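Asks: One-letter residues, chain by chain:
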Amino acid sequence: MTDLSNRKPETGAFFSRDRLWHPPGLTPGYKTSVLRSPQKALLSLDGTVSEITGPVFGHSILGELDNDLIHNFAKPGESAIGERIIVHGRVLDERARPVAGALLEFWQANAGGRYRHKKESYLAPLDPNFGGCGRTITDEDGHYAFRTVKPGPYPWPNGVNDWRPAHIHFSVFGHGFAQRLITQMYFEGDPMIWKCPIVQTIPDKAAVEQLVAALDWGNTIPMDARAYKFDIMLRGRRSTLFENRMEGN
Amino acid sequence: MVQPLGTLKESASQTAGPYVHIGLTPNFSGITGVYESDLGATIVNDRTLGRRITITGRVLDGTGTPLKDALIEIWQADAAGLYNSPSELRGSADPNFSGWGRSATDGETGEYRFETIKPGRVPFRDGRLMAPHISFWIVARGINLGLNTRLYFGDEAAANAEDPVLARIEHRVRVPTLIAAADGDSYRFDIHLQGEKETVFFDI
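Chains A and B, in that order, are what the protein sequence lines are.
Under full-length UniProt numbering, the first sequence has 78 at position 78, and the numbering climbs by one with no breaks.
Under full-length UniProt numbering, the second sequence has 182 at position 182, and the numbering climbs by one with no breaks.
I should point out that these hints are in silico values taken from the structure, not numbers from a laboratory.
Heads up, some of the hints might be wrong.
Said to hold, decoys possible - FRET-style restraints, in silico, Cβ to Cβ:
#1 A:Lys195 to B:Ala161: 46 to 56 Å
#2 B:Ile169 to A:Trp217: 45 to 55 Å
#3 B:Gly154 to A:Ile221: 31 to 41 Å
#4 B:Gly107 to A:Asp162: 17 to 27 Å
#5 B:Gly154 to A:Ile61: 30 to 40 Å
#6 A:Pro203 to B:Glu170: 23 to 33 Å
#7 A:Trp163 to B:Ala158: 50 to 60 Å
Fair warning: this is a prediction, and the values are worked out from it, not measured in the lab.
Even glycine gets a Cβ: it sits at the ideal position worked out from N, Cα and C.
Using the sequences and the hints given, assemble the complete structure.
Replies: Quick look at the structure:
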């Protein structure tokens, strides 16, 4: 594991998490949360070195096609079926500083809304050339990009007739274990976003809108792929001014 | 009017969903040939310093049913109490120990498993030593925001008794929810999402 940034590593504790902005644990409209949500108060803990530090991943873990879901599962000379898109953006922290060297992992359904998973029961077909996973690491300015096909919406057993809007799952590492985040990206203009019980777990409309990627006409590649821009924000760190010195520092 | 702080909001969390293993442990989920191996599957190698231990357990819902679709990540210090992280300024951690692991719960039994080493002690914010512990992060379908907790070791009674984090648990009856039962070099740590035995989760 190597630090990709030339900047001095930061050691401040993270801003406290705004838990009214995130979905609460118990969201009865999303039925599975009912038996899986803690009912007791969380124990508040200002970050110690155990939370402030975190693993950092070097580019050496990446294969050439890791950020190309159109090809990374496809047979030689073939490619996944669907609307070709590029997803790109930046990982920033709450102070609007770029997060360099952030590992992003993403997974999604195929263009017909079908996941490659043994527990998946939707009748839409698998695409033999689409696996559905990819990963990349942000550059010095926090930028990332990957290529994929636009996932389809799909029905899921919750309400009698609930459908997920088209979405891509993102897992994000910052520089501290307390920044660990999983979220989902939605697509501009999709009317199904606002019907989804999982989207509706988020109390604030502005927080949902922050998860909707914009169609990025400028970066669309003519005759090839449309671009969507999706920035991801991670928790920021306090400046270490006036902090108690930790032993050994 | 005042000057704007210019801060952004953290992206809101969304559940990892039922297919988190496609993205984070694709080989485990049967998607082979994309990544050589699943990230975080091995934490130690032949040269890692410290006492080898195994941690197993389950994640249980409010009815006591194990989750068969959860994913757990751990983060811990090396045998000397140093983290393998650029933000670790107290010294250089064992280069043969990543400190970070990832395990899916088994699709049949709900068991997770980590092969790692016993971590050393690391300081609390005021310099007092914390008892040896491992940070846990749990995500799954139905969990809207990843859950943070800690594993402490059942064979560290003296260190646990002076641990400044465990000391902050008001309801002492809940402290054992964070303590893994020791059986030689094997430790058992079940995580209860709800109920009388609900694990203490942290807002970190």
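Asks: So does B:Gly107 sit 17 to 27 Å from A:Asp162, Cβ to Cβ?
Replies: Holds - the Cβ-Cβ distance for B:Gly107 and A:Asp162, about 24 Å, lies within 17 to 27 Å.
Asks: For B:Gly154 and A:Ile221, compare the CB-CB distance with the range 31 to 41 Å and indicate the outcome.
Replies: Between B:Gly154 and A:Ile221, where Cβ atoms are some 57 Å apart, the hint is violated.
Asks: Is 45 to 55 Å right for how far apart the beta carbons of B:Ile169 and A:Trp217 are?
Replies: 54 Å, holds
Asks: Would you say the C-beta atoms of A:Trp163 and B:Ala158 sit inside 50 to 60 Å of each other?
Replies: 55 Å, holds
Asks: Starting from the hint 30 to 40 Å, judge whether the C-beta atoms of B:Gly154 and A:Ile61 obey it.
Replies: Hint holds: Cβ distance 34 Å, inside 30 to 40 Å.
Asks: At the C-beta level, are A:Lys195 and B:Ala161 separated by a distance inside 46 to 56 Å?
Replies: For A:Lys195 and B:Ala161 the Cβ distance comes to about 53 Å; the hint holds.
Asks: Given the hint of 23 to 33 Å, check if A:Pro203 and B:Glu170 actually sit that far apart at their C-beta atoms.
Replies: For A:Pro203 and B:Glu170 the Cβ distance comes to about 28 Å; the hint holds.
When each numbered hint is compared with the structure, a violation occurs for hint 3 only.
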